[in-house]
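Engineer: Now for the letters of each chain:
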Amino acid sequence: MCLAIPGKIEEIDQQAIMRTARVNFNGMVKEVCIEWVPEADVGKYVIVHAGFAISVLDEKEALESLDLINEVAQSPNAYRKW
Amino acid sequence: MEISETLKQYEAKDLVNGLSEKISATARELGKIRLMHVCGTHEHEIIQYGLRQLLPDSITIIPGPGCPVCICPVELIDQAVTLSYQPGVTVLSFGDMLRVPATRESLDDARKNGGSVRMVYGPLDAIKIAQNNPEEKFVFFSIGFETTAAGTAGMIKKGVPENLFFLIANRYIPPVFNLLMQVHNRTSIQGFLLPGHAVAITGVHVYDFVEQTYDLPCVVAGFTPVDILSAIWRMLLAIQDGSSKTINAYSRVVQEHGNQTALGLMDSVFDRVPGVWRGIDTVEGTAYVLKDEFAHLDASRQFDCQPPYESRANPPGCQCHRIMLGELLPTDCKLFREKCRPDDPYGPCMVSMEGTCHSWFKGAADILGF
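Order-wise, the sequence lines are chains X and D.
Under our numbering, read the first sequence as residues -3 to 78, first letter to last.
Under our numbering, read the second sequence as residues 51 to 420, first letter to last.
Check each hint, because a few of them may be wrong.
Said to hold, decoys possible - Chain D stretches covered by chain X per the calculated footprint, using a threshold of three residues with CB under 8 Å from any CB of chain X:
| id | region |
| --- | --- |
| 1 | 129 to 135 |
| 2 | 270 to 276 |
| 3 | 303 to 314 |
| 4 | 317 to 324 |
| 5 | 386 to 395 |
Hint data in this document are derived by calculation from the structure and do not stem from the laboratory.
C-beta atoms are modelled at their ideal positions from N, C-alpha and C, and glycine is treated no differently.
Using the sequences and the accompanying hints, generate a full structural model.
Structural biologist: Encoded structure:
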C-alpha cells in the first residue's frame, strides 16, 4: 500500500550501515532507511514505502497547493485557478 | 499554520465537499468522462472514502493494473514456491504476496505443506534475518513497482549478506499504458490518474509519451481524498481546455525529475526487459532484472527454481486479467463474492488490500453488511 501520511524524522542513526532514522507517523514510530533522500534531516517529513523513504515532503508546496485548493473549493467565484 | 495541521487539511470534509461540487459543475459541460487510475491504493481510498459517490454519474473512474501482487507473473510465484521446498532455503516476501493463488499452491500453502516461507515487512527485514541465520540461505521475493524496486536496488548496491539472494519480480509502470491503449481508445478513456509514489521515483516526464502518442492527459495524484478529488478536477479542466499535458497535482511529494538518487541506483542494479503482467500480456521494458554483475545474487540463476509443472496464470472462470485491463468490473465476474472471497481468494485481485476485487468486496460489505 502507498502510505498517504508522511512521517516526521525524530532522530537519525549515523552509525548504521545504511542511513536510518526514527520516523513518527501520527504517534507510531518506525525505523526507516533514509539513504536515498540525502536532503532528509531531523524535523523534516518523509514519504515512506516498505521501510524506505522515497521523498522528502516539500512543506512550501504542501501549503501553497492547499491554499489553492481552499480557494477554489470554498469560494463560489473562484471557478478556476489552475 | 503548523505543517501537521496543513497535512490534516488534505483530508478535510469541507474541502472534499467543495471539490465534489466543483467537479459536478465542470462535468456538466463535458458529457461522459471515463478516467483510469493504475494504483491499488487509489482504488482502496476511492472505495474507503466513498469518493465515487461524490462524483456525478457522468464520470466513471476505472481501476487499472495497479496492484503489484495481482500483476506478479504466476511463473515467478511458482518459482518461489519451488524454491521454498529446497533444503536449507527460505523464501521471504510481503504478507499479501504469500496468499496469492498460483498454479498449484500459494506460498502460504507451500509453508503449510513443508516449504520454508517467512513474511517480511520489507527488504531491510530480509537483511536482518539473513544476518541472524548465517548457516541458512534466504531468497527475498522482490515484488512491486518502482517504489519497492528502488528499495531492493539500493539494498543490493549497498551490499547484502552472502546468504541472501533475490527473485526479482518488480515491474516498471509507464510502458503498460501502451498495452492499455491497445485495449482502449480515446472514446473509452479520456485520461489517466498517475500513481503518486511511483512518479515520486521516476519523475513526471517518463509519462510525456502518453500525450505525444495518445493525446491523453495524465494527472499525478496523491492518496488523500482531497488529493484524489483535486486530481480529478484538474483532469476535467485539462479535458475542457483540450490539453493533454501531464500535470503534477501532488507537488508536495513528487518532484518534476523524480528521486535522482534512487533512479541512479536502479539503473546501476537493474536492466529492463519485456515482462509478463499476470494473465494479461508481456509488455516491453517493464520487467526489472538484475544486471550480470549481480548474477551471484540472482536466485533464478543460482538455484534450480523451475517447477515440475507448467504454470497457469488464470484459474478457470477467473476474470482478474480483464478487470485489471479495465474491461470488466469485479461485479461482472460470476465468481465475485461467491467462489472468490478475501478469506478464500480464487483469483489474485481478491487477496491484497490493493486488489480491485478485495477493495470492492470490503466496500460492498460495509454498505450491504454481508
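Engineer: Against each hint, give a clear statement of whether it holds in the structure.
Structural biologist: These are the hints, each one checked on the structure:
Using a Cβ-Cβ cut-off of 8 Å, 0 residues of the region 129 to 135 of chain D lie near chain X, which falls short of the minimum of three, so the contact claim is violated. Counting residues of the region 270 to 276 of chain D whose C-beta lies closer than 8 Å to any C-beta of chain X gives 4; at least three are required, and the coverage claim holds. By the rule of at least three residues with a Cβ nearer than 8 Å to a Cβ of chain X, the coverage given for the region 303 to 314 of chain D holds, with 6 such residues. For the region 317 to 324 of chain D, the assignment as covered by chain X is violated, since 0 residues bring a beta-carbon within under 8 Å of that chain's beta-carbons and 3 are needed.
With 0 residues having a beta carbon nearer than 8 Å to a beta carbon of chain X, the region 386 to 395 of chain D misses the requirement of three or more and the stated coverage is violated.
The structure fails hints 1, 4, 5 (numbered hints given earlier, in ascending order).
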